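Enquirer: Once you have looked at the hints, place chain L on chain R.
Number of protein chains: 2
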Amino acid sequence: MKKIGVAILGLGVVGSGTYKILTEHREFYKRTQDIDISVESVLELRKERALALGIAPCAIAESMAEICSNPEIDIVVEVMGGVEPAKSFVLSALRAGKSVVTSNKELFCKYSHELEKAAKKNNCGLYYEASCVGGVPVIRSLLDNLQGNKILSIMGIINGTTNFILTRMTEKGASYREVLKEAQLLGYAEADSTADVEGYDAAYKLSILSSLAFHTKIPYTEIYREGISKVNQTDISYAHKLGYTIKLLAIGKCGGNGIEVRVHPSLIKSEHPLASVKDSYNAVFVTGDSVQDVMLYGRGAGALPTGSAIVGDIIYCATHPVARYSTFKNTEKADAATKFVTNFESAYYLRLSASDKAGVLSKITSILSKNGISVDQVIQDKERVDGKVPIILVTHVTKENNVKKAVADINAVDNVASVDSIIRVVS
Amino acid sequence: MKKIGVAILGLGVVGSGTYKILTEHREFYKRTQDIDISVESVLELRKERALALGIAPCAIAESMAEICSNPEIDIVVEVMGGVEPAKSFVLSALRAGKSVVTSNKELFCKYSHELEKAAKKNNCGLYYEASCVGGVPVIRSLLDNLQGNKILSIMGIINGTTNFILTRMTEKGASYREVLKEAQLLGYAEADSTADVEGYDAAYKLSILSSLAFHTKIPYTEIYREGISKVNQTDISYAHKLGYTIKLLAIGKCGGNGIEVRVHPSLIKSEHPLASVKDSYNAVFVTGDSVQDVMLYGRGAGALPTGSAIVGDIIYCATHPVARYSTFKNTEKADAATKFVTNFESAYYLRLSASDKAGVLSKITSILSKNGISVDQVIQDKERVDGKVPIILVTHVTKENNVKKAVADINAVDNVASVDSIIRVVS
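Those protein sequences? They're chains R and L, same order as listed.
Per our numbering, the very first residue in the first sequence carries number 1; after that it's consecutive.
Per our numbering, the very first residue in the second sequence carries number 1; after that it's consecutive.
Just so you know, the hints here were simulated from the structure itself, not pulled from any lab data.
Here the structure is a predicted model, which is why all the values come from computation and not from measurement.
Treat the hints with caution; some may be incorrect.
[What the hints assert, rightly or not] Using 16 Å as the maximum straight-line C-alpha spacing, the simulated EDC-like pairs for lysine to aspartate or glutamate come out as follows:
id, chain 1, residue 1, chain 2, residue 2
1, R, Lys278, L, Asp293
2, L, Lys329, R, Asp34
3, R, Lys150, L, Glu27
4, R, Lys150, L, Glu24
5, R, Lys278, L, Glu271
6, R, Lys329, L, Glu24
7, L, Lys278, L, Asp414
Pulled out of the complex, with its shape left as it was, chain R reads as follows:
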């Protein structure tokens, strides 16, 4: 029976979950996979964490060098998060001939080119299923299942914190601030929630997923990013009336004009499968030219779900002796030939406050029309707010720049109307 020695770097939530799965399932993997996986070493400054998990003191490494020089270790699991020291540790593991399994989306998104170069040079594997959408098998599905397709689009709810917040706001009618506090108390959001609520986390994951989907490096810096902190009850409630749910979607499309990649709050039809992805669940909706629509759904985070992806990669690495590398051009920057579309095509939800005078709606729709925008749905609400009436419009598909121009034009007309919310409508 093949023996595989593993070292785990970092015993936070995911590291501890991975340790538990590996130790509790050791006999199960011997029986079902014909491999004996043992955790030979851990690297964790807070030694009490290791001891609390029942790890023998002699298995707690003093340094990364100790792990690199340990011949019993075949695979290094990096679950520390952040760029440094994770990056140096991963590079040194690869240089020492150890394969690496990582859950670190920020590291992989920013430095996949460097890491993969080192992996290739040292004939090691580099696996990162756990970097995106926890236990949901999206990366290997793109690499090993849907690889016969030209992927037309990926659309995902790929951040659990924001989906929890938006679900609670929708179901309980609570404000963004209230729900954010609740999420922090429950451990679903960190004290500094910026990376989640402003869409950075989703953008890192979208960078990885869209690079795989579209076979070329999509740096996260090319991704349009807008968080959920401006989403409010008023818009959630009007969206509902119009048959939509508001979700933070990460969207990648590849078409004739180029690639567009964006993370932003979106109105999505309430009957779309993504609309019913609730709480901290995640899902990725992939459209390929042959497979048509596929959705992969599950827990996007957590000790055991993400641990499941890590362990899946460990077993894959142990049972597939020839390492494979990216099927995308894994460069630092985007390839010169890659065109990015920034003047997106989308439908839009616009909420305006308008003076309660005759002809206002006509003035607004005339400005929209001049800018090439036609209207699909309108609600003109009777309830005045601060002496103004809310007008809610859903446009047909148009160009981003047309909307920007129209909004500027509307806002410029004295005292007639102001645009309070602009949210893209996704279909």
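Expert: Structure of chain L alone, referenced to chain R:
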């Protein structure tokens, strides 16, 4: 660049779709996968089909022997369906050292042990992602992603025809017979619809999926099977009132008492993700001890979605030089150590016609109670049908045998009540 020659056996719906994908994407695969895949040969008695696809007459094989002896062919794609001659052809391909990709659930379900033995002996790959749930990556997810989990249950809508019929019955209020006819006209159901509507197709797929999930051969003959031909509007409508949707579910569970495998119409809570899987879409809901719930959703059939799975396997075979085989005990029959549970635990939906007399409900619930069944929900409808009142009960979780006994007891009480429908309730 690696060159891969493919032969396709059968140019029906899936074979033609596969041919189209491979030929239209040849340059794409050169660029993204660094392999040149060419269809070298096809085996199809109806030669006009091959010619209509633009296949050169010299590429239409006269016999399987011709394909086996062609050194240009590395991979044989079997998309003929049925056991023979598919089985003989697959075996002869494997014996000739060709790897095989198949979409044939009946063949794989019944003869996986023989086919795999031949594949191993000849050091060839044997791939069958397309045999279950079309383009949805469920088999490789079980093998290569979720393999670190003890799978607790799989629950799937894995037959497109029956899901189309039940969706139409639910949404349009039409009868089973009417919708079956419509499905046949649309090409969603075959003239002889037995394999689909009586659950054989789903049982073949469940046999394959549960063998993978539970690491031991689950012969389809061990699967309890009940089709949808008795599902009617009355039950669909009461289910809806109670908050449920009726679906044909394929269920595999592995617990302390053993393995239970069953295909039957089921009431599932309308907010469960499987309840919103409509029309010919399919989905598999997998629960693992680490990953928790994962759902994989997409088109379960069709030329291009199933072709996507076939082509995914071809590329996987071409890019993973070392073939891997089942992680389940691939025997002809179930292992002697495998225990099958037939006295299922489930909640039940019962619809009765009762005499409109005082004390009837009490008599019925007393019989249920004597058989260890407690009631969760009741509807006693006022509307008489043939002088009887309908009583609808949803029980708490109980044992299959308790329900059988209770139903016999109720039916035995003269003129009091008869049980018209029994449907399992799944959560």
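Enquirer: For each hint, tell me whether it holds in the structure or not.
Expert: Hint check:
1. The hinted pair formed by lysine 278(R) and aspartate 293(L) meets the criterion: a straight-line CA distance of about 13 Å does not exceed 16 Å.
2. Simply put, lysine 329(L) and aspartate 34(R) have alpha-carbon atoms about 12 Å apart, close enough for the 16 Å limit, and the pair holds.
3. Of the supplied pair hints, the one linking lysine 150(R) and glutamate 27(L) holds, its CA atoms being roughly 12 Å apart against a limit of 16 Å.
4. Distance check on the hinted pair: lysine 150(R) and glutamate 24(L) sit about 11 Å apart at the alpha-carbon level, within 16 Å; holds.
5. Distance check on the hinted pair: lysine 278(R) and glutamate 271(L) sit about 11 Å apart at the alpha-carbon level, within 16 Å; holds.
6. Taking the CA atoms of lysine 329(R) and glutamate 24(L), the gap is about 22 Å. The hint is violated against a cut of 16 Å.
7. For the proposed pair lysine 278(L) and aspartate 414(L), the alpha carbon gap of about 42 Å is over 16 Å, so the pair is violated.
The earlier numbered hints that this structure contradicts are 6, 7.
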